[in-house]
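Protein chains: 2
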Amino acid sequence: VREALGVAGCVHQVFATPNALRRHEDLASQLRAGSFSLSLCDDAALASLAASVSPQGIVAVCGFLDRALADALVDDAKLVAVAAHVRDPGNLGALIRCADAAGADAVVLAGSSVDPYNDKVVRASVGSLFHLPLVLGTAMAATLDALHAKQFNVVAAVGSAPETIDQVAAADAIGDRVAWVFGNEAWGLGAADRALCDREIAVPIYGRAESLNVATAAAVCLYTTAWAQRRR
Amino acid sequence: VREALGVAGCVHQVFATPNALRRHEDLASQLRAGSFSLSLCDDAALASLAASVSPQGIVAVCGFLDRALADALVDDAKLVAVAAHVRDPGNLGALIRCADAAGADAVVLAGSSVDPYNDKVVRASVGSLFHLPLVLGTAMAATLDALHAKQFNVVAAVGSAPETIDQVAAADAIGDRVAWVFGNEAWGLGAADRALCDREIAVPIYGRAESLNVATAAAVCLYTTAWAQRRR
Chain H
1 VREALGVAGC
11 VHQVFATPNA
21 LRRHEDLASQ
31 LRAGSFSLSL
41 CDDAALASLA
51 ASVSPQGIVA
61 VCGFLDRALA
71 DALVDDAKLV
81 AVAAHVRDPG
91 NLGALIRCAD
101 AAGADAVVLA
111 GSSVDPYNDK
121 VVRASVGSLF
131 HLPLVLGTAM
141 AATLDALHAK
151 QFNVVAAVGS
161 APETIDQVAA
171 ADAIGDRVAW
181 VFGNEAWGLG
191 AADRALCDRE
201 IAVPIYGRAE
211 SLNVATAAAV
221 CLYTTAWAQR
231 RR
Chain P
233 VREALGVAGC
243 VHQVFATPNA
253 LRRHEDLASQ
263 LRAGSFSLSL
273 CDDAALASLA
283 ASVSPQGIVA
293 VCGFLDRALA
303 DALVDDAKLV
313 AVAAHVRDPG
323 NLGALIRCAD
333 AAGADAVVLA
343 GSSVDPYNDK
353 VVRASVGSLF
363 HLPLVLGTAM
373 AATLDALHAK
383 QFNVVAAVGS
393 APETIDQVAA
403 ADAIGDRVAW
413 VFGNEAWGLG
423 AADRALCDRE
433 IAVPIYGRAE
443 SLNVATAAAV
453 CLYTTAWAQR
463 RR
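Line by line, the protein sequences are chains H and P.
Residues in the first sequence are numbered from 1 upward in steps of one, following the numbering used here.
Residues in the second sequence are numbered from 233 upward in steps of one, following the numbering used here.
I should point out that these hints are in silico values taken from the structure, not numbers from a laboratory.
All of these numbers come straight from a predicted model, not from anything done at the bench.
In this text, a Cβ means the ideal position worked out from N, Cα and C, and glycines have one as well.
Some hints here could point you the wrong way.
Stated by the list, open to error - Each pair of labels, with its calculated beta carbon distance range:
# : chain 1 : residue 1 : chain 2 : residue 2 : range
1 : H       : V61       : P       : E417      : 47 to 55 Å
2 : P       : V293      : H       : V61       : 47 to 55 Å
3 : P       : A418      : H       : A33       : 24 to 32 Å
4 : P       : E395      : H       : A186      : 32 to 40 Å
The following block holds chain H by itself, in its conformation from the complex (with noise of 0.2 Å):
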């Protein structure tokens, strides 16, 4: 709710019982100080309201955060996460949060992904939802080619790539505006996605795992090619 209410217009309406108010005065004056409607309610009508198994007492009706891609993309934009049909709602918030982290322009989700307005995407992007722009990419050619009309470097993350990620930064091969495709967590990306991608990158496997999880995989990647960003 915190993160919420730093994005202009964003919250509609807030539930909250009297013993949360009391716990978090700082939010509680931004909540009265607010354009909305503070409701007070009880722990039983607040815990209808929130999903979770222990709510934190504060609910905010929010609007909508996503915007086109043309839109959210500023003219020094260098980082773009773009998840393509991430299903699993823990991954895409943990996903969302890791761009945040990394210091990423936006984050595109394409093709069959998840809602992200679920509220276990919501709870597992940990305010991160309302930091960095989000676009709701249509099918994946579409979103693809608005990226290059950016002039983003399509990068597919392949763990099967012959490229990897730490041989391109010691190189200091990647782009300077790149755009990572991660797929979905059981399959990875189709060929007719990777087809539409400019570059294949593998996050090396030392051990024995087959394969790393979608959000840890994000985080190697998008940290490294940050990293070797800023290091121009």
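Using the hints provided, position chain P relative to the given structure of chain H.
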């Protein structure tokens, strides 16, 4: 189950539905040749044995996997992940998977970390639980003493540390034997635990996220360390 069969003596007993055995012919031959009992059961019985919503049809009863730290660490071990009070089973499973992928030599659970034999940890590790030595540490002090005795540089992952992992890697200042300590999801590492470590290093936050999920932070720390060590 396939990964458990790779650990000598690990599998004690197997339950499977006839359909699952037909779907996985190679595994079925391995199971029939095993020195443990293989019992056929129907879907309802299998579902009551498997804790997952969509069980895959084969369940193995396995022995415990953990060993003492002194036995777990081979002489040329270079990279160890220590989970200190990591409570969420999904996080611990993802951390074990990620340590396996990054080529870590062992995972050590210290303090009040979640039971690694919890079914959610096992599933989230996607087989990696069976791939690398697992140590159930006792108290933090005893665990870190044992690592110090093996000449490990014990590094605490602390978001607020002034030194960041990219700077340390760029200066080639990462130890030849590194044990990373990852703290609790909610409160990180406490002062007492931090005092036991040799050094604190942060994953830098470039955006507005307050922190990273423990498994994504571990992915960045472990891979960056593995790359620095492998470049030598």
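- request: Using the Cβ atoms, figure out if V293 of chain P sits within 47 to 55 Å of V61 of chain H.
  value: Holds - the Cβ-Cβ distance for V293 of chain P and V61 of chain H, about 48 Å, lies within 47 to 55 Å.
- request: Using the Cβ atoms, figure out if A418 of chain P sits within 24 to 32 Å of A33 of chain H.
  value: 29 Å Cβ-Cβ, so the 24 to 32 Å window holds.
message: Given a hint of 32 to 40 Å, does the C-beta separation of E395 of chain P and A186 of chain H actually sit inside it?
response: With a Cβ separation near 38 Å, E395 of chain P and A186 of chain H satisfy 32 to 40 Å, so the hint holds.
- request: Starting from the hint 47 to 55 Å, judge whether the C-beta atoms of V61 of chain H and E417 of chain P obey it.
  value: violated, 28 Å
When held up to the earlier numbered hints, the structure conflicts with hint 1 and nothing else.
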